[in-house]
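**Student:** Given next are the chains, with one letter for each unit.
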Amino acid sequence: MARLSYREAGRLAIAEAMRADPTVWCLGEDLGRGGVFGQYAGLEAEFGPDRICSTPISESAIMGAAVGAAMAGTRPIVEMRFADFALCAVDELVNQAAKARYMFGGQSKVPLTVREPMGMWRSSAAQHSQSLEAWYTHIPGLVVIAPATPEDNYALLKAAIRNDDPVVFMEHKNLWDMEGDVADDATAEIGKARIACAGGDCTIVSWSAQVHVAMQAAAELADDGIDAEVIDLRSLWPWDEAAVAASVAKTGRLIVTHEAVGVGGFGGEVVATIAERHFASLRRPPLRLAAPRIPISYAPELENQVRVTARQIVAAVRRLN
Amino acid sequence: MASNLDIDRLRDRRRLMLRIRAFETAAIRAADEKLVLGAIHPSVGQEAVAAGVCAPLRRDDLLLSTHRGHGHTLAKGADAAAMMRELFGRDGGNCGGKGGSMHIADFSVGMLGANGVVGANINIAAGAAHGVKLRGGDQVVVCIFGDGAMNRGPFLEGLNWAASFKLPVLFVCEDNGWAATTSTRAVTGGPGPAARAEALGIATAAVDGNDVLAVEEAAQALVESLRSGGGPRLLHARTYRLLGHTSVDKAAYRPAGQAEARWADDPIRRATDLLLGAGVAQNVLDADAAAATAEMTAAFEDAKAAPWPPVSAAYDDVQDIGAVAAPAGL
Numbered sequence: 001m002a003r004l005s006y007r008e009a010g011r012l013a014i015a016e017a018m019r020a021d022p023t024v025w026c027l028g029e030d031l032g033r034g035g036v037f038g039q040y041a042g043l044e045a046e047f048g049p050d051r052i053c054s055t056p057i058s059e060s061a062i063m064g065a066a067v068g069a070a071m072a073g074t075r076p077i078v079e080m081r082f083a084d085f086a087l088c089a090v091d092e093l094v095n096q097a098a099k100a101r102y103m104f105g106g107q108s109k110v111p112l113t114v115r116e117p118m119g120m121w122r123s124s125a126a127q128h129s130q131s132l133e134a135w136y137t138h139i140p141g142l143v144v145i146a147p148a149t150p151e152d153n154y155a156l157l158k159a160a161i162r163n164d165d166p167v168v169f170m171e172h173k174n175l176w177d178m179e180g181d182v183a184d185d186a187t188a189e190i191g192k193a194r195i196a197c198a199g200g201d202c203t204i205v206s207w208s209a210q211v212h213v214a215m216q217a218a219a220e221l222a223d224d225g226i227d228a229e230v231i232d233l234r235s236l237w238p239w240d241e242a243a244v245a246a247s248v249a250k251t252g253r254l255i256v257t258h259e260a261v262g263v264g265g266f267g268g269e270v271v272a273t274i275a276e277r278h279f280a281s282l283r284r285p286p287l288r289l290a291a292p293r294i295p296i297s298y299a300p301e302l303e304n305q306v307r308v309t310a311r312q313i314v315a316a317v318r319r320l321n
Numbered sequence: 001m002a003s004n005l006d007i008d009r010l011r012d013r014r015r016l017m018l019r020i021r022a023f024e025t026a027a028i029r030a031a032d033e034k035l036v037l038g039a040i041h042p043s044v045g046q047e048a049v050a051a052g053v054c055a056p057l058r059r060d061d062l063l064l065s066t067h068r069g070h071g072h073t074l075a076k077g078a079d080a081a082a083m084m085r086e087l088f089g090r091d092g093g094n095c096g097g098k099g100g101s102m103h104i105a106d107f108s109v110g111m112l113g114a115n116g117v118v119g120a121n122i123n124i125a126a127g128a129a130h131g132v133k134l135r136g137g138d139q140v141v142v143c144i145f146g147d148g149a150m151n152r153g154p155f156l157e158g159l160n161w162a163a164s165f166k167l168p169v170l171f172v173c174e175d176n177g178w179a180a181t182t183s184t185r186a187v188t189g190g191p192g193p194a195a196r197a198e199a200l201g202i203a204t205a206a207v208d209g210n211d212v213l214a215v216e217e218a219a220q221a222l223v224e225s226l227r228s229g230g231g232p233r234l235l236h237a238r239t240y241r242l243l244g245h246t247s248v249d250k251a252a253y254r255p256a257g258q259a260e261a262r263w264a265d266d267p268i269r270r271a272t273d274l275l276l277g278a279g280v281a282q283n284v285l286d287a288d289a290a291a292a293t294a295e296m297t298a299a300f301e302d303a304k305a306a307p308w309p310p311v312s313a314a315y316d317d318v319q320d321i322g323a324v325a326a327p328a329g330l
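For the record, the sequence lines run as chains A and B. Position 41, counted from 1, in the first sequence is what this note's numbering calls 41; the numbers after and before it change by one each time, with no gaps. Position 158, counted from 1, in the second sequence is what this note's numbering calls 158; the numbers after and before it change by one each time, with no gaps.
Please note that a few of the clues may not be correct.
[Said to hold, decoys possible] Incomplete in silico selection of chain A near chain B, CB under 8 Å:
1. Gly-48
2. Asp-50
3. Tyr-102
4. Ser-108
5. Asp-164
6. Ala-242
The hints are simulated quantities; they were obtained by calculation from the structure and are not laboratory data. Yeah, the Cβ is synthetic: ideal placement off N, Cα and C, and Gly gets one too.
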């Protein structure tokens, strides 16, 4: 057991994976100096500049090179710096990485892990703040992970690197400094949710940093005698329908809250799936609490317009209960 | 034609070009007969680039190709019958019928895929070379793309990448003069791909892309420099696309007489004339052509008779984690 930050937990996962497998390497901008958020600090000293590869600012080449290197027998960890910049590499991820195994009839897998730091982070404005996880869930071939805790960042990143599929691994920038206990042998299964807090009155589904907002709401509700169950999906594809369905069977109420824009967001998939397949469990109409369809602003008060707050979640739960 | 060795070599390369030509001819016929359903991009007229560039390669060297990739794939050693089945979308195709012409690949011979996106193979090739280097291998990677690709971003990013990391990749610009159905010259600034590569510190060579032995010799020298760790190289091979962009494109946008004039420069005709001049008998050369036609006719008939893939294959090879199940009964 160790007390680690979310950032350190990810770095430990990479170091352990690289020690265990000489074909694992990292490529991205500024990795030699530790990456833009320090999430690679010290790794170049241990593994050298060939395996901690500082690249040109060429997102398309970073992702495309990783595809080729994966097909040539290595296991690249791709750093995109900001999830927003991964949009410069959409062809390489969506048309190439995600589809190569399928369109070549299984002749090759593409075992790469793409780290995409996501989410709002201190007045970073419209091109450094987005949460685009739902896009990737739409693409057959991709696995999509968005951890909320240091232990999950450690365990799921290790699982992602071991996995032979291309994985979009979205770490939330606002969580880098968050500390938590990480068990030495911590493991997590991709596709299994975590019950962040158990309760029988209302199911709140979330992922990434928004889990912690949901937990604040649950604490406030507990003071009122309402026991919310907070489910941290952890991975969005695959996602743990069984865990959500079991919870809704108990509570009869479902709220999905995420930092991303609500329209076309993954909350819609969760709500639709529960409504289609588990309708009888629902005693109230399901709700989505997500960002309005506006870009993210720089000025704090404007930026706050896209945040779903604990207070809003509390109010929604009270309306349902 | 200096020696018997050269004659044998040229005859061998001509046989490969004939096989490519016969494959394309059979594929076009299959498209006309609605047996090949998707778009195909014939490489008729460009066979010398495929045959010459691949000649110095080892089986374990790697090749990345384009949407116009049948010739490259055959030249790297893929089985023509399996390729034809792939074009027909049948069981036993290289990709199980799931890729078709534009995604043809044969990893068993180091052919890591055609690509439906112009220029997308450039970054992938750089990465494959990066992977080879990290693993300490001595393979080289060859990336063939058309002249249209030099105007896409990956041309800059991938060539700069390969130069920065001194990777063993040979970029081949197979310049047929046409970016789909637009004259490349009309939409391209500057003198072309070699100047752009040289601006990134990549040594280049230019070659008559319809002279198969010249292509081979240029490629041979460049591949040797790659294998000795010299970093990436670019070969600019000028050729001509004798047919349209796709098999249904009549290419009416070309200046009158241009294609007709270029048929005189057909790389197969040039090889034939050289061999005849060197004293090889016409009937020997005719027999080589007949053998190529027979092979591809057999591949056509084999593909036409082959079964469709099992429908359940639509659900295979998507991903290990989170794959959706095939509906019951498939």
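**Student:** Indicate, hint by hint, whether the structure satisfies it.
**Tutor:** Each hint, compared with the structure:
1. Hint status for Gly-48 (chain A): violated, given a least beta-carbon distance of 11 Å to chain B, over 8 Å.
2. The interface hint given for Asp-50 (chain A) holds, since its Cβ lies 6 Å from the closest Cβ of chain B, which is under the 8 Å cut-off.
3. Interface restraint check for Tyr-102 (chain A): the shortest CB-CB distance to chain B comes to about 5 Å, inside 8 Å, so the restraint holds.
4. For the restraint placing Ser-108 (chain A) at the interface with chain B, the shortest Cβ-Cβ distance is roughly 6 Å, inside the 8 Å limit, so the hint holds.
5. Evaluation of the Asp-164 (chain A) hint against chain B yields a held restraint, the C-beta minimum of about 5 Å falling below 8 Å.
6. A cut of 8 Å between beta carbons decides the hint on Ala-242 (chain A): the least distance to chain B is about 14 Å, and the hint is violated.
Going down the numbered hints, you'll see the structure goes against 1, 6, while the others check out.
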